[in-house]
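Participant: Based on the hints, put chains D, B and Z in the right spot on chain C.
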Amino acid sequence: MAKLVSLAEGVADLVRDGDVVALEGFTHLIPFAAGHEIIRQGRQDLTLVRMTPDVIYDQLIGMGCARRLVFSWGGNPGVGSLHRFRDAVQNSWPVPLELEEHSHAGMANRFVAGASGLPFAVLRGYTGTDLPRHTGNIKTITCPFTGEVLTAVPALRPDVTVVHAQRADRAGNVQMWGITGVQKEAVLAAHRSLVTVEEIVDELEPVPGQVVLPSWAVTAVAEVPAGAHPSYAQGYSVRDNDFYVRWDAVSRDRDTFREWMEQHVLKAEVQA
Amino acid sequence: MAKLVSLAEGVADLVRDGDVVALEGFTHLIPFAAGHEIIRQGRQDLTLVRMTPDVIYDQLIGMGCARRLVFSWGGNPGVGSLHRFRDAVQNSWPVPLELEEHSHAGMANRFVAGASGLPFAVLRGYTGTDLPRHTGNIKTITCPFTGEVLTAVPALRPDVTVVHAQRADRAGNVQMWGITGVQKEAVLAAHRSLVTVEEIVDELEPVPGQVVLPSWAVTAVAEVPAGAHPSYAQGYSVRDNDFYVRWDAVSRDRDTFREWMEQHVLKAEVQA
Amino acid sequence: MSAEYTSDEMMTVAAARQLRDGTACFVGIGLPSTAANLARATHAPNLVLIYESGCLGAKPDRLPLSIGDGILADTADAVVSVPEVFNYWLQPGRIDVGFLGAAQLDRYGNINTTVIGGDYADPKVRLPGAGGAPEIAASCGEVVVVVRQSLRTFIDRVDFVTSVGYGRGPGDRERLGLRGGGPRVVITDLGVLEPDPKTCELTLTRLHPGVTVEQARAATGWDLAVAADLAAVDPPTEHELTVLRALEATKKVAAR
Amino acid sequence: MSAEYTSDEMMTVAAARQLRDGTACFVGIGLPSTAANLARATHAPNLVLIYESGCLGAKPDRLPLSIGDGILADTADAVVSVPEVFNYWLQPGRIDVGFLGAAQLDRYGNINTTVIGGDYADPKVRLPGAGGAPEIAASCGEVVVVVRQSLRTFIDRVDFVTSVGYGRGPGDRERLGLRGGGPRVVITDLGVLEPDPKTCELTLTRLHPGVTVEQARAATGWDLAVAADLAAVDPPTEHELTVLRALEATKKVAAR
Chain C
1 MAKLVSLAEG VADLVRDGDV VALEGFTHLI PFAAGHEIIR QGRQDLTLVR
51 MTPDVIYDQL IGMGCARRLV FSWGGNPGVG SLHRFRDAVQ NSWPVPLELE
101 EHSHAGMANR FVAGASGLPF AVLRGYTGTD LPRHTGNIKT ITCPFTGEVL
151 TAVPALRPDV TVVHAQRADR AGNVQMWGIT GVQKEAVLAA HRSLVTVEEI
201 VDELEPVPGQ VVLPSWAVTA VAEVPAGAHP SYAQGYSVRD NDFYVRWDAV
251 SRDRDTFREW MEQHVLKAEV QA
Chain D
1 MAKLVSLAEG VADLVRDGDV VALEGFTHLI PFAAGHEIIR QGRQDLTLVR
51 MTPDVIYDQL IGMGCARRLV FSWGGNPGVG SLHRFRDAVQ NSWPVPLELE
101 EHSHAGMANR FVAGASGLPF AVLRGYTGTD LPRHTGNIKT ITCPFTGEVL
151 TAVPALRPDV TVVHAQRADR AGNVQMWGIT GVQKEAVLAA HRSLVTVEEI
201 VDELEPVPGQ VVLPSWAVTA VAEVPAGAHP SYAQGYSVRD NDFYVRWDAV
251 SRDRDTFREW MEQHVLKAEV QA
Chain B
1 MSAEYTSDEM MTVAAARQLR DGTACFVGIG LPSTAANLAR ATHAPNLVLI
51 YESGCLGAKP DRLPLSIGDG ILADTADAVV SVPEVFNYWL QPGRIDVGFL
101 GAAQLDRYGN INTTVIGGDY ADPKVRLPGA GGAPEIAASC GEVVVVVRQS
151 LRTFIDRVDF VTSVGYGRGP GDRERLGLRG GGPRVVITDL GVLEPDPKTC
201 ELTLTRLHPG VTVEQARAAT GWDLAVAADL AAVDPPTEHE LTVLRALEAT
251 KKVAAR
Chain Z
1 MSAEYTSDEM MTVAAARQLR DGTACFVGIG LPSTAANLAR ATHAPNLVLI
51 YESGCLGAKP DRLPLSIGDG ILADTADAVV SVPEVFNYWL QPGRIDVGFL
101 GAAQLDRYGN INTTVIGGDY ADPKVRLPGA GGAPEIAASC GEVVVVVRQS
151 LRTFIDRVDF VTSVGYGRGP GDRERLGLRG GGPRVVITDL GVLEPDPKTC
201 ELTLTRLHPG VTVEQARAAT GWDLAVAADL AAVDPPTEHE LTVLRALEAT
251 KKVAAR
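Chains as they are written, first to last, in my numbering: chain C, 1 to 272; chain D, 1 to 272; chain B, 1 to 256; chain Z, 1 to 256.
Chain C on its own, in the form it takes in the complex:
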């Protein structure tokens, strides 16, 4: 059964130096507050995993938390590039960043394999692209019935997955809706999981399009209102699109970036 914890406790207990960490979310429900807490607690040497690393990964990378990124699309959604990500790849600043690069279809299926307790997934993907030349773990597999050659990718099993959801009940059952991306699979694929939620309620009223993660499939739940800002939580908030545009300017320059992080993340009041 999931434990109800504070965000600081949850990160302290579940995210460790050197871990493979997935903070998943697909534009919607990005776990920004949890990412900030990881930065405040000074985690290092992380392998960050995510289909769509965006601004929170730019921040984690720029603060030197990560040594490796496993991903399929790294950008500022609707705006452009991630400058801290670029600086790390192009100039090894502040530390070198290894890349393991896939397509969305490949990453999604790697999470599915992890969630399914299988060592690999099969898909039609990557064929003819230059990705397999640079990404070691893309292989072929032959159908034992038809002889057709398909692509195989290994399961993703993060040490810990962190996601944000709209609600949980006091027993720790988690409910999310709207665009839910690959979050269910990412939680089920992980050895441990931390879910931040907009609010903890007495009863989870069913909602169309909901995804429910039963308490016994989640390690810990923390109530963090607005924990997805500047991303959004459908039914609770709208996306702060201005923030994403402003981030482009903030993140271009190393000093501006450090100052911004100092002021808005490192010195931010931490929930007890």
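Derived by calculation from the structure, the hints in this document are not laboratory data. You may find that some hints are simply not true.
Here are the simulated DSBU-like pairs of lysine-lysine, each with C-alpha atoms no more than 35 angstroms apart in a straight line [to be verified]: (1) Z:K124 / C:K139; (2) Z:K198 / C:K139; (3) Z:K59 / D:K3; (4) B:K59 / D:K267; (5) B:K59 / C:K3; (6) D:K139 / C:K139; (7) B:K198 / D:K139; (8) Z:K252 / Z:K59; (9) B:K124 / D:K139; (10) Z:K252 / C:K267.
Coverage of chain D stretches by chain C, computed from C-beta distances (three or more under 8 angstroms per stretch; other residues unrestricted) [to be verified]: (11) 142-151; (12) 189-202.
From the three backbone atoms N, C-alpha and C, an ideal C-beta is built for every residue, glycine too.
Facilitator: Then chains D, B and Z, alone, in the frame of chain C:
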């Protein structure tokens, strides 16, 4: 885009002698009315596919429509055995019935592979059982990353899948909820599909737990109120449990069975 | 003092007692479902019931009449697709206990629910088949079997291995790569059998009140091993019986 | 008479015209999303828009600001998981048209959105990467590319093949086992290119009003083939421009 048709038209257009036909449903939403129409139209030589063949398959088999059954559990749910199915297997009455037998996990994954455009699926299944000795299309596959040996089953691609759902709108978008089993996968895996619905409405109001099949993924939709009876349609009807108990007695004897079918199916008034 | 009770009631109560509170249990229909719901209504209120129809955490207030009963969906924490229940929930080993019935059971806890007698292509009796059982037996943390004991069901070697117990003996599960622990206990209308830790052979470890070793032996198609410290099962408590009978009554009402 | 318009507006209008009513279109964000929504608001009201965030049949009444904009989920026929959109919807070839952008494009319609210059491990410019594009390019019935034409983007050989067009020429898609038809048309701010049926090489088939062949050649990093029957694109109609500008205005409002 799905065509709105009558049940008789839908079956006449989409279900052909010799077809591989899946009438899917998991206790809930069993397409009984469509099965009856297939019997009335005298289809023969069908390969019937379903995870849980129950009373409607007992009827199709007893009326000689099928020459082959692909399945994982054939019984009268909550009651016991299927006597027409038994009679066909044990005594070839009224015609011999070939079996291709799987587990639920295997069948579900075969539909998933079919829906996914893959020739096969990988699972942990069947190992150590006697099923692979009698079912030819269960093979092993080796993980190209770990060397682990797993099980492979081929995709299921029915010629036509028939399911029952609660509602469709006038554009042919289909909505179902409650226990939805493997119906989405069965429809997406098939070359053609026929969906019977309790009612056709102007607008599909979202419902918690809903599965929506967009109109362009469905071939035809027929309005057939109570089309799942004696099974049920959550929100519309409850299961006629008495019927299932009575079926045990009706179906034990060949003559009683034929009389019952004559009276309740063959002579039933057909919707135009 | 306990009230009068039937051997089926004793069996169901003994089976229910096997389920620990807070665990997740993959429930087959029939006896397993009755026992699991009895456990939830008595000592294990937080038992998580999982049905192969896709209902996770079902909390029915009456006995479901089938594995796809609407009451399961209505009361579940989540209703998922059938592929999902097998792939995301059963296969990775998330379910603590698999709760199965059997048409035939052998000394190594292998289960047959496929065909009896003759050969596969021309059987004496055609049974419903595997359903979810092979993978439940393979992947759950452990398996609890509930089955009435008789020479018809307890046979030396099952006619068809639908679901693997301990195969042909020690080491077989590991060799096959099955990741769950296999049958931990078999509950019958006569008593309780558990696999011998060394031989994996099902051994009579407890008898229900009033049942003798001779009766158990007479209902077993192999030379039944009996534990040195053979114990007696506690009879059903008044509370267990009251709750069980109330549950059974809901079934009759629901069927109307 | 048409009103004044920009070359980007011409490009978007020309791209929108490529989408036939009643087809299903897998939409990338940016220019493709604008063009697809313009098509839906003009000649193709029943165009089915599919976004990789899992929104099937989205009907936004303003331009989405990202691929996961809430308006897409709010107006979709169904919102499915990301694994499902790729596995059940894209991979089996259910989507008629894939609508993609590009950072670099070569003469065979291969697309690069990964790295520019240097080598992969030490690139001159690190781009966002593949996203859904490789499988969109592989599995959709056909692909429409929208991209501004310049020596920076239209190069003889892309630095990295992120998404396959016609590979290195005729027969390559078949040899690779790609089941979709590949790039049917490339729409730029200068005109329209289509693959030569024999050589698969992108060939200039139409020019936007006021653009010359010389301008197109000067913006192309290979020796650009020009169709014998080179035609002119119709300028945007008043209606197309009005609707496009109204859509763009909603984007600015939504961003506040």
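Participant: So, for every hint listed, does it hold in this structure?
Facilitator: Results of checking the hints against the structure:
1. Z:K124 / C:K139: holds, 28 angstroms
2. Z:K198 / C:K139: Holds. Z:K198 to C:K139 sits at ~32 angstroms (cutoff 35 angstroms).
3. Z:K59 / D:K3: Holds, because 22 angstroms separates the two Cα atoms, which is no more than 35 angstroms.
4. B:K59 / D:K267: The hint is violated at about 42 angstroms.
5. B:K59 / C:K3: With Cα atoms ~22 angstroms apart, B:K59 and C:K3 stay inside 35 angstroms; holds.
6. D:K139 / C:K139: holds, 20 angstroms
7. B:K198 / D:K139: holds, 32 angstroms
8. Z:K252 / Z:K59: Given pair Z:K252, Z:K59 holds - Cα atoms ~18 angstroms apart, limit 35 angstroms.
9. B:K124 / D:K139: Given that 35 angstroms is the threshold and the Cα spacing comes to 28 angstroms, the pair holds.
10. Z:K252 / C:K267: Distance ~33 angstroms between Z:K252 and C:K267 Cα, so the pair holds.
11. 142-151: Per the Cβ count (6), the hint holds.
12. 189-202: violated (count 0)
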